[in-house]
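Asker: One letter stands for each residue in the lines below.
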Amino acid sequence: MGRVARAEQQPAATGNTLVVMVGLGVTFLLFMAFLNVVKSGNLLNESNLLYAALIFYSGAGTLYLGFGITGTPSYVRFASLATWAGLLANTGAIAHRWYEAGHPPFASIYEMLLSFVWTLAVLTLIAEKKFGVKVIGTVTMPVAIVGVVLMQLLRTEVHPLVPALQSTWLHVHVTLAMLAYAACALSFALAMMFLIKDNMNTETFLAATSLFGMATYAGVLTRFERWGGLSLVAWNPETKSEMFLAKGVRLFVVIPDLGWLMLLVFAAVAAPLFLYLGWRKTGDAAFINVANRAVFVSILLQVMALVFFLLRARDGRYGSLDADGLFSTSLAASPFILSGLVGGVFVSLMYLLLLWRRQDLERMLPSAEELDRITYKTIAIAFPLLTLMIAAGAYWANRTWGSYWSWDPKETWAAITWLVYAGYLHMRVTRGWRGRRAAYFAILGFAVVMFTFFGVTYLLPGLHAYA
Amino acid sequence: MPNSIHSTARKAWQTLGAIKTGVILLILVVVISAAGTVILQRPATDPDEMQRAYSPQVLRLLDGVGLTDVFHAWWFVLLLSLVSLSIIAASVQRFPNAWRFFSRPYKSPDDSFRSALANRALIPIKDEETALSVAERVFEKAGFRPERIVRENSFSLFGERNRFSEMAVYIVHASLLLIFLGGIVDALYGWRAFVTLTRGQQSSQVEMQNGSQHGLPFAIRCEGAGQENYSDGTPKRWWSDLTVLENGQALVRKQIVVNDPLVYRGVRFYQASYGQTGKIDKLVLTATSRDGKAVKDIAISPGETLPLDPDTTVRLAEFIPDYAVRDGQVYARSNSLENPAAHLVVETKSASGKPSQAVNVWLPPIPGLEQNTSSPYTFEGKDVQMAYFTGLEVSHEPGQWSVWAGVLLMGLGLAVVFYFVHVRVWAVPARDARGRLMLWIGGTANKNKDVFDQRFRKLVEQIESELKVLSKTGAEAPVTALAGK
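Sequence lines, in order, name chains R and F. In terms of the working numbering, the first sequence opens at residue 649 and continues consecutively. In terms of the working numbering, the second sequence opens at residue 22 and continues consecutively.
Read the hints as simulated data drawn from the structure, not as lab findings. Please note: incorrect hints may appear among the correct ones.
[To be verified] Label-pair ranges, simulated between beta-carbon atoms:
| hint | chain 1 | residue 1 | chain 2 | residue 2 | range |
| --- | --- | --- | --- | --- | --- |
| 1 | F | Ala454 | R | Glu1010 | 37 to 45 Å |
| 2 | F | Thr66 | R | Gln800 | 52 to 60 Å |
| 3 | R | Arg1082 | F | Arg478 | 18 to 26 Å |
[Claimed, not checked] List time: in silico BS3-like cross-link candidates among lysine-lysine, alpha-carbon distance up to 25 Å:
| hint | chain 1 | residue 1 | chain 2 | residue 2 |
| --- | --- | --- | --- | --- |
| 4 | F | Lys317 | F | Lys303 |
| 5 | F | Lys470 | R | Lys1025 |
| 6 | F | Lys314 | F | Lys257 |
| 7 | F | Lys479 | F | Lys468 |
| 8 | F | Lys147 | R | Lys777 |
| 9 | F | Lys479 | R | Lys1025 |
| 10 | F | Lys147 | F | Lys489 |
| 11 | F | Lys470 | F | Lys162 |
| 12 | R | Lys777 | F | Lys468 |
| 13 | R | Lys778 | F | Lys468 |
| 14 | R | Lys929 | R | Lys777 |
| 15 | F | Lys370 | F | Lys317 |
| 16 | R | Lys778 | F | Lys479 |
| 17 | F | Lys479 | F | Lys489 |
| 18 | F | Lys403 | F | Lys317 |
| 19 | R | Lys1025 | R | Lys778 |
| 20 | R | Lys777 | F | Lys470 |
| 21 | F | Lys300 | F | Lys314 |
| 22 | F | Lys275 | F | Lys314 |
| 23 | F | Lys470 | R | Lys778 |
| 24 | F | Lys162 | F | Lys147 |
| 25 | F | Lys468 | R | Lys1025 |
| 26 | F | Lys370 | F | Lys314 |
It should be emphasised that the depicted structure is a prediction, and the values quoted were computed from it without experimental measurement. Where a beta carbon is used, it is the ideal one built from N, C-alpha and C, also for glycine.
Please build the complete structure, drawing on both the sequences and the hints.
Answerer: Here you go:
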């Protein structure tokens, strides 16, 4: 009580409230987790460590965002500390998994996410310490949080390696992939920072945010069914796997009314874009004011959609259009929709952050030229890693399947990623592309990377079935 | 006339090498290959599944355009060839300039170059010789291997490092072409095929992907194959023991596993699948004579006839791994060893040349078919050794060496492109506007310019301080003028 009262009297002290709150929250969650641990008597197992990592990364993310909102420098220090703690727990989880499985954690998408998030945290700290990009965590920590949340859903038991995966080349291939992808994620975060520092119009960000949300919800709405339902892949809780009608044909269940809600949210995220277009046409600032309010409304609706989705997809049994009877589904059956919804909320929040606290953010960033240069340097690291990753994969495929290149979707998308970054490098060297256009390119590159990593696994069939 | 043809060709060549062409081609490659990952592709997908996924009209359209097998369509190959040509054209067009730059380094900078260079400094000096030797020492220490450039009316210093990094980008492009070359060679002369073998079987014919047979100049024999499981029942390892035979002579023998193929004369044999053929290799039985005196263990293959005693033989007429009886007939329900039945024929020679007597023995006894009780021997099944087949992927990829060479070269090239900086430094004694004697120092780097900025400043400071030490008795204190950044 006393603390709060004092904070009200002295505005200067408000700077620490968030640190205290996050600290208390983290302590509380850790304490609750500890009670559970005491009950089970097993302290350092993988899921506890992962849970701790999630708590710390969330704390770090909140502090980075909080810094964005209040501009209090001490938040960044604590955020960085929380990142360190999260990294430690993450390292423990990797070590535990490695020890238990007897092979490096690269054999499933869960294990790869584990490594990816770890590499991302390491690179965040490097960018912070070495390059002085103190607020990079505002972008990378949300990515890490989404990663850990996905891991909780995709958690798999330790499976022995199937024969095709028993190769040193697998480890070389996946290590390189994780390093390359994390470097790409960092270049994306740096490019975002560049755009902030470069005084890019908030209006342009508004349009981009709206477009991103529209793309996400349009993707979700491809599952829209008659009578406003949303179809999700059915999940067998016993085998912990998706259900199939026939080979390659998934069984879908329809959650009633969720489709209408998604449609409503789609309209809400689309509204700012049209208002933006109105502003472009007339130059009337009133459009932008309304659009900003619309973003606020869309965030509320997005959170609502997320909550409904979480509640309804987790429990309950639903009918299907293709088969009789009721089936259950699970969040793990729709990781795409989930990460899309979470990502949409984050992106919209990021826009609000930019709108309100631009000056504070800018103060914490190196100069635009410096950011541009570091983005380039990160890509100069990522590109050779991508090349080697593809080469190691080709060599492994040649030893296993007798062909170094079979145009399987993952391979093709890896090549596309490579081409996009090659394009970036060429435009930079031959056309002198610096600054904004280069930053757009870096963002595009990371979008392709994410599609290669997740999209191909869940949307497109192919040889990389286990990853 | 020939002139205009010449100029058209020239124009086409220029267009091909332009960065715009390259970018358009790359965007096309990206879009088309992305489409190829979204649309179901032909050899990999079952025809049934294709028909389920698309309506007949759409499928006909996709097939007609080649979108159901994008990566082998002639226009995709053409597109990749155009990309190769564009890389060649761009490299060839830019190469002469780069080569001039590389082979004839710019050693003595003129006035306009000196006043335009980003990293430059002017240090007042007393005499040229001392200043140059100091600069020479500092450059030497920094690893630039300076050389003195003597012209009729001046002499100066030039030092550099990693000049080869200017050419690395051509190495990367050449490596890409090597990879493409390998891919083209494999597309033209390579093949993929499949062969299944059971233990003891040999073959010099393999089945190509289009269903035709391909003869090998040698034969491959399977000496054995097997599967090992983890304790939870998932497969851990598949292996095949293979021998290469040429003119009946065994030349190479190797046990292959999933990640470790057998290579012979450029033909690679990969472990691809393993399973039961549904036939048995050997049935192990105990035969006991009616009087119980003669007990014999036999292992019998289908169709094989084995003697039990001088007068009696047994033949394994049929083996059904999973049988069912319907209407007095025996059927095979599946190929897996679920519910086996064996049909034996026991023949007894009669002593006086009368026709021999054959008795049908069924294990287990099947009413209506078996004559088990009239057999001179009773049989008891001990073990069923099923015949397993090993599926071998066979491939011949003569172009792969070009691909690997390209990959290695590209790794090297990229390392040089990104991490080896070509740095050049110059030191030239000159008079400034007021006629004072100065040492002009300049430097440039082809990348990482921010790092070089700091390095250059240090270099200048070092020269400056060494000059100071030498002239500490001198009358005038050296004044530095750092220009640029």
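Asker: Now tell me, hint by hint, if it's right for this structure.
Answerer: Going down the list of hints, with the structure as the test:
1. Ala454/F to Glu1010/R: 37 to 45 Å: Holds, since alanine 454/F and glutamate 1010/R (Cβ atoms, about 42 Å apart) stay within the stated range.
2. Thr66/F to Gln800/R: 52 to 60 Å: violated (34 Å)
3. Arg1082/R to Arg478/F: 18 to 26 Å: holds (23 Å)
4. Lys317/F to Lys303/F: It holds: about 16 Å lies between the C-alpha atoms, which stays within 25 Å.
5. Lys470/F to Lys1025/R: holds (12 Å)
6. Lys314/F to Lys257/F: violated (46 Å)
7. Lys479/F to Lys468/F: Holds, because 18 Å separates the two Cα atoms, which is no more than 25 Å.
8. Lys147/F to Lys777/R: violated (45 Å)
9. Lys479/F to Lys1025/R: Holds. Lysine 479/F to lysine 1025/R sits at ~23 Å (cutoff 25 Å).
10. Lys147/F to Lys489/F: Holds, because 11 Å separates the two Cα atoms, which is no more than 25 Å.
11. Lys470/F to Lys162/F: Holds. Lysine 470/F to lysine 162/F sits at ~21 Å (cutoff 25 Å).
12. Lys777/R to Lys468/F: Distance ~23 Å between lysine 777/R and lysine 468/F Cα, so the pair holds.
13. Lys778/R to Lys468/F: holds (19 Å)
14. Lys929/R to Lys777/R: At roughly 44 Å apart (the allowed maximum being 25 Å), lysine 777/R and lysine 929/R break the hint.
15. Lys370/F to Lys317/F: At roughly 19 Å apart (the allowed maximum being 25 Å), lysine 317/F and lysine 370/F satisfy the hint.
16. Lys778/R to Lys479/F: Distance of about 21 Å is within 25 Å: holds.
17. Lys479/F to Lys489/F: holds (15 Å)
18. Lys403/F to Lys317/F: Holds, at about 12 Å.
19. Lys1025/R to Lys778/R: Holds, because 13 Å separates the two Cα atoms, which is no more than 25 Å.
20. Lys777/R to Lys470/F: Holds: lysine 777/R and lysine 470/F sit about 21 Å apart, inside 25 Å.
21. Lys300/F to Lys314/F: Measuring from Cα to Cα gives roughly 33 Å; hence the hint is violated.
22. Lys275/F to Lys314/F: The given pair, whose Cα atoms are some 46 Å apart, is violated under the 25 Å limit.
23. Lys470/F to Lys778/R: holds (18 Å)
24. Lys162/F to Lys147/F: holds (23 Å)
25. Lys468/F to Lys1025/R: holds (10 Å)
26. Lys370/F to Lys314/F: At roughly 19 Å apart (the allowed maximum being 25 Å), lysine 314/F and lysine 370/F satisfy the hint.
When each numbered hint is compared with the structure, violations occur for hints 2, 6, 8, 14, 21 and 22.
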